[in-house]
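Participant: Order-wise, the sequence lines are chains A and B. Going by the working numbering, the final residue of the first sequence carries number 374, and the count climbs one at a time with no gaps. Going by the working numbering, the final residue of the second sequence carries number 1120, and the count climbs one at a time with no gaps.
Please note that the accuracy of each hint is not assured.
Claimed, not checked - For the chain A half of the interface with chain B, some residues (derived, Cβ under 8 Å), not all of them:
hint : residue
1    : Ala63
2    : Glu64
3    : Gln121
4    : Pro134
5    : Tyr135
6    : Arg299
No lab work stands behind these hints: they were computed from the structure. Ideal Cβ positions, reconstructed from N, Cα and C, are used throughout, including at glycine.
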Amino acid sequence: MAHIVGAGDTGFGRHEGRSTIDLMTAAAAAALADAGLGRGDIDGLVCGYSTTHPHLMLATVFAEHFGIDPVYAHAVQAGGATGCAMTMLAARLVDAGQCRRILVVGAENRATGQSRDSSVQTLAQVGHPDFEVPYGATIPAYYALLASRYMHVHGVTEADLAEFAVLMRRHAAACPGAHQTAPITVADVLASKPIAAPLKLLDCCPISDGGVALVVAAEGEGAHIAGMGQAHRHQHITHAADLTETGAALAAERALDEAWAGMDDIDYLAIYDSFTITLTMLLEEIGFAPRGGAAAMARDGAFGPGGALPLNTHGGLLAFGHCGVGGGMAHIAEAYRQLAGKAGARQLPGRTTAFVHGDGGVMSSHVSLVLRAD
Amino acid sequence: MTTLADHYWAGCAAGELRYRACTACGARQTFPRAFCPACGSEAVEWRRAAGTGTVHAAAIVTRAPSDAFRPLVPYAILLVDLDEGIRMMAHGAPGLTIGQRVAVTFHLHDGRHLPRFVPL
Ligand SMILES: [Zn+2]
């Protein structure tokens, strides 16, 4: 059984002058310190990708720079699902006996390492180069299409979506290292400038610099990875068979089945939240909220620290921030900290089982994890 | 070499929407390919769509990705279900709503004749 035995992050925001490799280094060093391990204890490396440092062999570049000599190393690319996919791979490698202790690292200077236009254009390339990108589509536009359909079918309103931006800000305010911590209201979200209607600025995560690292090991204390599942049903939104059954529920079912867990066993949620609609759709498709009912649960406090299903207590992508691969890893790091009793002032009492979900592309690539406290 | 995408966009320049269909199993393609992803047959042919359909999803972009699109903002990006049973992305006239019946027109932007749907 693979365990997460350490987590580290750089804090998200603007890290002027720091490169992808600098941020990977800082996150990795913090994770090793948290795990009480040294470089010589690591025999495997799984890293993500960086849009500001595209490289054929980022894992080997990092291994050389950081000073480790792994018996297994390469990068993984699954868009926003990369953090969950890397963690799943590391757990499988440990379970297979290939490695004993694997460093999992994702970082990028996504905010300061390129212009905003460049970032928007790079990310839009998850769309189809011939049949989507030529329309001036952007990531927010793809998710706005999803939102328009989902709101139409399930009666979700813009004010419903806004609840999740407000909630993530509230959580981030209590988390050291969060990118955006100023409190906001539903009215602020509704009044924020339009980006791709129905999505407005505050429905969208910020672009951040930062990095996160985990140590996944065959032995140790923390949380173990009890179940893992994936689903990949389309790449492009135009090709998605059903915009309300994207594959998220399939990935979740596969992970829960492997963990011999039911939805009722889950007492902490770490769900990808690139946009407010992302979070709403994932909560409802997977089944933690009824269709059209996630916002009502949020208003009732179900997803807050005192609720039955505390959600992204670090503030998620919407407020802790989004630096690419590290953004999706921050959810896993926080779930681990809550299960291992390492969440500091945010520590929730008695958490036993966390459900983690990452989504890449436009609800294209889904990876779910079930973590249990050791 | 002329790619399938080139042929598609040449159709748009000529005022027609083209799509690929499999003559072996009948499957119609969202994005054109040289083979049929449903059955693997290479007996795939071009057909011409009627150009009418129904709005499936609609977004209004105000934050353009590049200088080329900034003059167009705000512009509507749609997913349209063509009557032939194929979904496509396209531009749309302002104010179109989900479920509305639409017909294709074309507008020249940045070297391409982009499909733009208007109320039927
Ligand atoms: Zn066929």
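Participant: Now tell me, hint by hint, if it's right for this structure.
Facilitator: Tested hints:
The closest approach between the C-beta of A:Ala63 and any C-beta of chain B is roughly 35 Å, which is over the 8 Å cut-off, so the hint fails. Among the interface hints, the one on A:Glu64 is violated; its C-beta lies about 35 Å from the nearest C-beta in chain B, farther than the 8 Å criterion. Here the hint on A:Gln121 is kept, as its CB sits about 5 Å from the closest CB of chain B, short of 8 Å. Because the closest C-beta pair between A:Pro134 and chain B is about 6 Å apart, less than 8 Å, the hint holds.
At about 5 Å, the closest approach between the beta carbon of A:Tyr135 and any beta carbon in chain B falls short of 8 Å, and the interface hint on this residue holds. A cut of 8 Å between beta carbons decides the hint on A:Arg299: the least distance to chain B is about 26 Å, and the hint is violated.
Hint violations for this structure: numbers 1, 2 and 6, all remaining hints satisfied.
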